[in-house]
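K.L.:
Top line first, the protein sequences correspond to chains A and B. Sequential numbering from 0 applies to the first sequence in numbering that gives the first Met the number 0. Sequential numbering from 0 applies to the second sequence in numbering that gives the first Met the number 0.
Warning: the hint list may mix true and false statements.
All copies of an identical chain are treated as equivalent in the list; a pair is satisfied when it fits inside any one copy or across any two copies.
[Stated by the list, open to error] Only pairs whose alpha carbons sit at most 25 Å apart, straight line, appear in this in silico DSS-like list of lysine-lysine:
id : residue 1 : residue 2
1  : 557       : 206
2  : 246       : 400
3  : 299       : 203
4  : 548       : 400
5  : 400       : 540
6  : 299       : 557
Hints were generated in silico from the structure; no laboratory data involved. Since the structure is predicted, the reported quantities are computational estimates derived from the model, not experimental observations.
Now for the letters of each chain:
There are 2 protein chains.
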Amino acid sequence: MKARPLKRITSLLPILGWAPAYTKTDAQSDLVAAVIVTIMLVPQSLAYAMLAGLPPQVGLYASILPLIAYAVFGTSRALAVGPVAVVSLMTAAAVGQVAAPGSAEYITAAITLAFLSGIVLVVMSVLRLGFLANFLSHPVISGFITASGILIATSQLKHILGISADGDTLPHLLGGIYAGIGGLNPFTLAIGVAATAFLFWTRKHLKPLLLAWGLPARMADLIAKAGPVAAIVVSILAVIGFGLVDKGVRIVGEISAGLPPFALPSFDPGLWQQLLLPAVLISLVGFVESVSVAQTLAAKRRQRIVPNQELTALGASNIASALSGGYPVTGGFARSVVNFDAGAETPLAGVFTAMGILAATLCLTPLFRFLPQAVLAATIIVAVLSLVDFAAIRRTWAYSKADFAAMAVTILTVLLVGVEAGITAGVSLSLALFLWRTSRPHMAIVGQVPGTEHFRNIDRHDVITDPRILSIRVDESLYFANARALEDAIYDRIADQPELRHVVLMCPAVNTIDASALESLEAIAHRLASAGIGFHLSEVKGPVTDALKRSDFMEHFKGRIFLSQFEAVTTLTGMQHQDDAATG
Amino acid sequence: MKARPLKRITSLLPILGWAPAYTKTDAQSDLVAAVIVTIMLVPQSLAYAMLAGLPPQVGLYASILPLIAYAVFGTSRALAVGPVAVVSLMTAAAVGQVAAPGSAEYITAAITLAFLSGIVLVVMSVLRLGFLANFLSHPVISGFITASGILIATSQLKHILGISADGDTLPHLLGGIYAGIGGLNPFTLAIGVAATAFLFWTRKHLKPLLLAWGLPARMADLIAKAGPVAAIVVSILAVIGFGLVDKGVRIVGEISAGLPPFALPSFDPGLWQQLLLPAVLISLVGFVESVSVAQTLAAKRRQRIVPNQELTALGASNIASALSGGYPVTGGFARSVVNFDAGAETPLAGVFTAMGILAATLCLTPLFRFLPQAVLAATIIVAVLSLVDFAAIRRTWAYSKADFAAMAVTILTVLLVGVEAGITAGVSLSLALFLWRTSRPHMAIVGQVPGTEHFRNIDRHDVITDPRILSIRVDESLYFANARALEDAIYDRIADQPELRHVVLMCPAVNTIDASALESLEAIAHRLASAGIGFHLSEVKGPVTDALKRSDFMEHFKGRIFLSQFEAVTTLTGMQHQDDAATG
Numbered sequence: 000m001k002a003r004p005l006k007r008i009t010s011l012l013p014i015l016g017w018a019p020a021y022t023k024t025d026a027q028s029d030l031v032a033a034v035i036v037t038i039m040l041v042p043q044s045l046a047y048a049m050l051a052g053l054p055p056q057v058g059l060y061a062s063i064l065p066l067i068a069y070a071v072f073g074t075s076r077a078l079a080v081g082p083v084a085v086v087s088l089m090t091a092a093a094v095g096q097v098a099a100p101g102s103a104e105y106i107t108a109a110i111t112l113a114f115l116s117g118i119v120l121v122v123m124s125v126l127r128l129g130f131l132a133n134f135l136s137h138p139v140i141s142g143f144i145t146a147s148g149i150l151i152a153t154s155q156l157k158h159i160l161g162i163s164a165d166g167d168t169l170p171h172l173l174g175g176i177y178a179g180i181g182g183l184n185p186f187t188l189a190i191g192v193a194a195t196a197f198l199f200w201t202r203k204h205l206k207p208l209l210l211a212w213g214l215p216a217r218m219a220d221l222i223a224k225a226g227p228v229a230a231i232v233v234s235i236l237a238v239i240g241f242g243l244v245d246k247g248v249r250i251v252g253e254i255s256a257g258l259p260p261f262a263l264p265s266f267d268p269g270l271w272q273q274l275l276l277p278a279v280l281i282s283l284v285g286f287v288e289s290v291s292v293a294q295t296l297a298a299k300r301r302q303r304i305v306p307n308q309e310l311t312a313l314g315a316s317n318i319a320s321a322l323s324g325g326y327p328v329t330g331g332f333a334r335s336v337v338n339f340d341a342g343a344e345t346p347l348a349g350v351f352t353a354m355g356i357l358a359a360t361l362c363l364t365p366l367f368r369f370l371p372q373a374v375l376a377a378t379i380i381v382a383v384l385s386l387v388d389f390a391a392i393r394r395t396w397a398y399s400k401a402d403f404a405a406m407a408v409t410i411l412t413v414l415l416v417g418v419e420a421g422i423t424a425g426v427s428l429s430l431a432l433f434l435w436r437t438s439r440p441h442m443a444i445v446g447q448v449p450g451t452e453h454f455r456n457i458d459r460h461d462v463i464t465d466p467r468i469l470s471i472r473v474d475e476s477l478y479f480a481n482a483r484a485l486e487d488a489i490y491d492r493i494a495d496q497p498e499l500r501h502v503v504l505m506c507p508a509v510n511t512i513d514a515s516a517l518e519s520l521e522a523i524a525h526r527l528a529s530a531g532i533g534f535h536l537s538e539v540k541g542p543v544t545d546a547l548k549r550s551d552f553m554e555h556f557k558g559r560i561f562l563s564q565f566e567a568v569t570t571l572t573g574m575q576h577q578d579d580a581a582t583g
Numbered sequence: 000m001k002a003r004p005l006k007r008i009t010s011l012l013p014i015l016g017w018a019p020a021y022t023k024t025d026a027q028s029d030l031v032a033a034v035i036v037t038i039m040l041v042p043q044s045l046a047y048a049m050l051a052g053l054p055p056q057v058g059l060y061a062s063i064l065p066l067i068a069y070a071v072f073g074t075s076r077a078l079a080v081g082p083v084a085v086v087s088l089m090t091a092a093a094v095g096q097v098a099a100p101g102s103a104e105y106i107t108a109a110i111t112l113a114f115l116s117g118i119v120l121v122v123m124s125v126l127r128l129g130f131l132a133n134f135l136s137h138p139v140i141s142g143f144i145t146a147s148g149i150l151i152a153t154s155q156l157k158h159i160l161g162i163s164a165d166g167d168t169l170p171h172l173l174g175g176i177y178a179g180i181g182g183l184n185p186f187t188l189a190i191g192v193a194a195t196a197f198l199f200w201t202r203k204h205l206k207p208l209l210l211a212w213g214l215p216a217r218m219a220d221l222i223a224k225a226g227p228v229a230a231i232v233v234s235i236l237a238v239i240g241f242g243l244v245d246k247g248v249r250i251v252g253e254i255s256a257g258l259p260p261f262a263l264p265s266f267d268p269g270l271w272q273q274l275l276l277p278a279v280l281i282s283l284v285g286f287v288e289s290v291s292v293a294q295t296l297a298a299k300r301r302q303r304i305v306p307n308q309e310l311t312a313l314g315a316s317n318i319a320s321a322l323s324g325g326y327p328v329t330g331g332f333a334r335s336v337v338n339f340d341a342g343a344e345t346p347l348a349g350v351f352t353a354m355g356i357l358a359a360t361l362c363l364t365p366l367f368r369f370l371p372q373a374v375l376a377a378t379i380i381v382a383v384l385s386l387v388d389f390a391a392i393r394r395t396w397a398y399s400k401a402d403f404a405a406m407a408v409t410i411l412t413v414l415l416v417g418v419e420a421g422i423t424a425g426v427s428l429s430l431a432l433f434l435w436r437t438s439r440p441h442m443a444i445v446g447q448v449p450g451t452e453h454f455r456n457i458d459r460h461d462v463i464t465d466p467r468i469l470s471i472r473v474d475e476s477l478y479f480a481n482a483r484a485l486e487d488a489i490y491d492r493i494a495d496q497p498e499l500r501h502v503v504l505m506c507p508a509v510n511t512i513d514a515s516a517l518e519s520l521e522a523i524a525h526r527l528a529s530a531g532i533g534f535h536l537s538e539v540k541g542p543v544t545d546a547l548k549r550s551d552f553m554e555h556f557k558g559r560i561f562l563s564q565f566e567a568v569t570t571l572t573g574m575q576h577q578d579d580a581a582t583g
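Bound-form chain A, shown alone:
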C-alpha cells in the first residue's frame, strides 16, 4: 500500500523517477549535450523571436525557465523545448491580430498567449483530452508544416534583401517583396546570400568533409553544428570591420541584458477571448510536434513517454515562459535530435542548457548588437526549408485522394489565408471526408466460394448464389449517416429480384449499430415482411448482439440471427426446399 502514493507522485513529477539514480556518468553526458544544444539554441532563440515579431531577448527568456519546467514534469529523456519556427509563426499571426508589432501591447499579448496556451495544455491534461491531438491527421500536420516552412522562408526574404515588406500570406509577402525590390541593399544581400549558402553547405557537406579529413565523428558533428555560430561571429566582425551599419545593413541592435524579468500576463477578458482559439491551435500543434519527436527518440532507447503527462509538462513550460517574459514554446525537432545524438541521458541536460542560455543572456548580449538581421534570417530559412516535404505530397497523392485533398487544402489555406485558417480547414475537411466516406459504406453482394464455407463478393470471385436468397455484406458500422444508404441498397436489390424469398445481412464488419440504424433495420424488416421476404442477420459480433438485446428489436424481429453466413444459407435453402415441397 505504501508504493501507490509514491507511484502517483512519481507519475506527476517524473523527475522523482530518475533524479535519485543520477550518476556522474549521466552528468558528464548531459553536460556535453547541454553545451552543444546551447550553442545551437542561442542564435535560434534570437531568430525565432524575430520571426514572432518580438525583441531578440524574448527568445532567450523563452529558452531558460521552460527548459527547467520540462525537466521537472516531462517524461522524455531527450526532448529539448523552447521557441520553434512554426509556433513562432503562429504567435506572430495571432498576436498581430490584436496589437501592433513593436508595441508594449504586442509583447504583453505574446506573454498572455504563452500563459493561455499553458492553461489550455494543463486543462487538456487534467481532462485527459490528449486524444484530441489524434484528430490532426498526418497529412494535415505534414501539409501544415510544409506550408508554414514556405511561408516562414518567404517572410525572411526581406531581411536577406534588406528591404521593408509586410504580409501574412504568400501573395502579400511576394507582393511586398516585388514592390520593395527597388530598395534592395547590396551589402545586406551579400551577407544574406553568403550566410544562407554557408549554412546550407555546413548542414550538407561540412561533416562528411571533416570526417574525410580524419576527424573523430563526434568532433566532426560538433563542428558542423557550430556552423551558425561561425556565421554569426564572422558577420559581426564584418559589420564592425567594414562599418556596414552606415551602409544600411540592418542589425539586431541593443539587446537588454540581465535576468529574465518576472512578468504577468494580461487578464483582460477581451484579450483572452481573442487569443483563446489561437492558444488552442498552438497547444494542439505544439503537442503533436513535441510528442511525435519525443516518441521517436524514446523508441530508439526502448523508453516510453506518457502523452498525458507531456501535456502537463508542456503546459508548465508555457506558463514558466509567460511568467519569465517569454512566448509560446514546445519541443523542437532539430534541437531534440541534437540533444539525443550528443548523448543527453536525462532531462538534467535541459537544466544545464537553461544555465547556458542564462549565461549567454547575462554576458553575451552586448556581442549580438552588431549581428546583421540577414544572418538570423538565413538561420531561419535553412532551418525551415528542412521542414518542407514535397515527397510527402506526392506519396499522399498516390495513396489516397481524400488524404491528399485534406493536405492540399491545408497547404493552400495556410499559404493564401493564414496558419489558423489552414489548420482549421484541414482538420474540418479531413473529418468531413471521413464522415462522408463512412456515410457511403462499401456493400457487396456475396456468394459461396465452391467447396468452402466462405462467402465472397460476387464481383471479385466465382461464387455460387441462389436467386431466392440475397446475401449482402456491409463493410462499415451502421450509424445515422449511413443507415439510409443501407435501406436504399436493399430496396434497390429487391426490386430487381422477383424470385427473392430471403435477405441475409452479413455483419462481420459491423462494429456498432446506433439507434438510427436500429430504426432502419426495423424499417427494412417491416418493409421486406410486407413484400413476403424474410430478413435475417448473420455473423453479428458479440458486442452488437449484446446491444440489440438491450432494445426491443428482438421482440419485433421475425428473422433469425445466424452465427455464420454458411449456416444462414444452408438453413434457409433447407427451409426453402420444404416450402417448395409443401406448395409443389
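Using the hints provided, position chain B relative to the given structure of chain A.
P.N.:
Frame of chain A, contents of chain B only:
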C-alpha cells in the same frame, strides 16, 4: 435513344409521369381527399401563421401556390405541403432576430426566409447534397421535434389564458406566464380550455363513438377530422352572440381577403447573411420531416420517392410561397396522412386542395374575423402535443447512452436556448460522439477455437494461444483518429510478453486504412523489427490490399499478409519450430 431525353424530363417533372394516365376514378379520389384536407388545412394555416408571428392570411397564402409547385415537381403521390408547426416556430425564431413582430419588415423577412430556403433546397438538389440530411440522426430529430412541441404548446398558453407574455425559451415563456397570470381573462380561459378539451376529445374518442353509433368508417373519420371546424364555428358564434370582444376576448380580427399578392423577397445582402443559417436549418429539418413522411406513405403502396427530386420540389414550393407572400413550408405529417387515408391517388389532390384554400381566402376570411385566438391556440396545442414522444426518450436511453446524450442535449438546448442552437448542438454532439467512438476502436486478443479454423476473443471464448504469437483483431477501419490507439495497444502488449516472436494484426473489420494509419503501421513494423519481433497482417480485404499496393508500404514491409488468421498461425508456428530446431 428517343426514350432517354423523355425519361430525363420526366425525372425532372414527375407530373409528366402520372398526368397522361390520369383517369376519372383518380379525379374522384383526389377530389374527396382535397375536400377533407382543405377543411383541415384552413384553420391550421391561420394557426401556424399566428405561431410564426405573421398575419393569418400569410398562412393561407403559404397553402396555395406551394401545393401546386409540389404537384408539378414532387415524387410523392400523397405528400401535402404547407405551413407546419416546427418550421413556423423556426421561422418565428429566425425572423424575430432581425425584425420586430407586427412590422412590415417582419413579413418581408419571413418571405425572404422562404425564398432563401427554396434556393438552399434547389442548390442542394443540383449539387446532390441530400445526403447531408443523413447527418441529422434519428435521436436528434426525435428530440428536436419533442422539444419543439413542448416549446410551441407552452408558447400558446398565453392565448388560452388571455394574457400577454413573450419569450423564445421555456424559462422565458414560463416566466412571462407567471408574471402575467394576474391579467388572466376568464372568458378567454373558458373558451380556450373548452376548445382544447373538445379537440382532444374529438381526436381520441369521437371516431370510436361514431363507429359505435353505426356510422360508416369513412364518414366517422371525416366527421372526426372536422372537429376543429366545429370548434371554430361554435366559438365564432359565441363571440358574436355574447359580445365577448367587449369582455376582452382577443379575436383574429380583420383578415385581408383577395388573391395572394405577388411578392418579392428582400435582396439586402445583410439580411441574407443573417437568414442564411436559419434557412439551411429550416431546409434540412423540413426535408428530413417531409421525406420521412413521403417514404412511409410511398412504402405502403409500393411506390418510391426520389429524395433528390424531393429537394427540387420542396425548393420550388418555398420559392412559390415566397413569390405569393407566404413563408417557409414543407411536407406535413398529419395532413399527408389524412390526404393518404382519404384516398388521394395523385398530386392533383394537392392542386384541388390549393383551389379549396384559394376559395376560402377569397370568400371565407370575413367569417374568421371573430374567431378567438384561444381557439387557434387550442388547435396548435392539440396538434403539437401529438409530436411529443417521451417513449422515444426512454427507448433511446435503454439502447445507447451516446444516442441518448445527443437526444438529451438537443432537447435541453432547444428548450433553454432556442431551436437553431438545439439542432446545431445535437448534430455537433452526435458527430463528435461518433468520431470519439471510432477513435477508440474495439480491439481483441484472439485465439484459435479448438478443432476449428476460427479465431475468437480470448476474453469471451476458451481458445488456444501461443505465447510466441500475439494475434490481435481490430474492429474498426484504421484512420487518423485511431491510428495512435492501435500503436499504443500493440506496444503495451509486447512489453508484457517477453517470449513474443510475431504479432499478427487481424483485419477482417478494417474497411480502409488512411495515410495516417499507414504511417502508424510502418512505425509499428519498424519498432517491432528493432525488438526482433515479426509483424504480419491477416484477412485484409480486397480494397484495402489494393490501396496498400498503391503505396510504398509493401516495399518496406518485411512481414507477410496472410489470407486467414489460421494460415498465419499455422505458417508462423511452423517457422517457429524450424527456428527452434536451428537454435536448439
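K.L.:
With reference to the structure, classify each hint as holding or not holding.
P.N.:
Cross-check of the supplied hints:
no.	hint	verdict
1	557 x 206	neither (76 Å within a copy, 32 Å between copies)
2	246 x 400	neither (53 Å within a copy, 72 Å between copies)
3	299 x 203	within (24 Å within a copy, 75 Å between copies)
4	548 x 400	between (40 Å within a copy, 15 Å between copies)
5	400 x 540	between (31 Å within a copy, 19 Å between copies)
6	299 x 557	between (57 Å within a copy, 19 Å between copies)
The structure does not agree with the numbered hints 1 and 2 stated previously, though it agrees with the rest.
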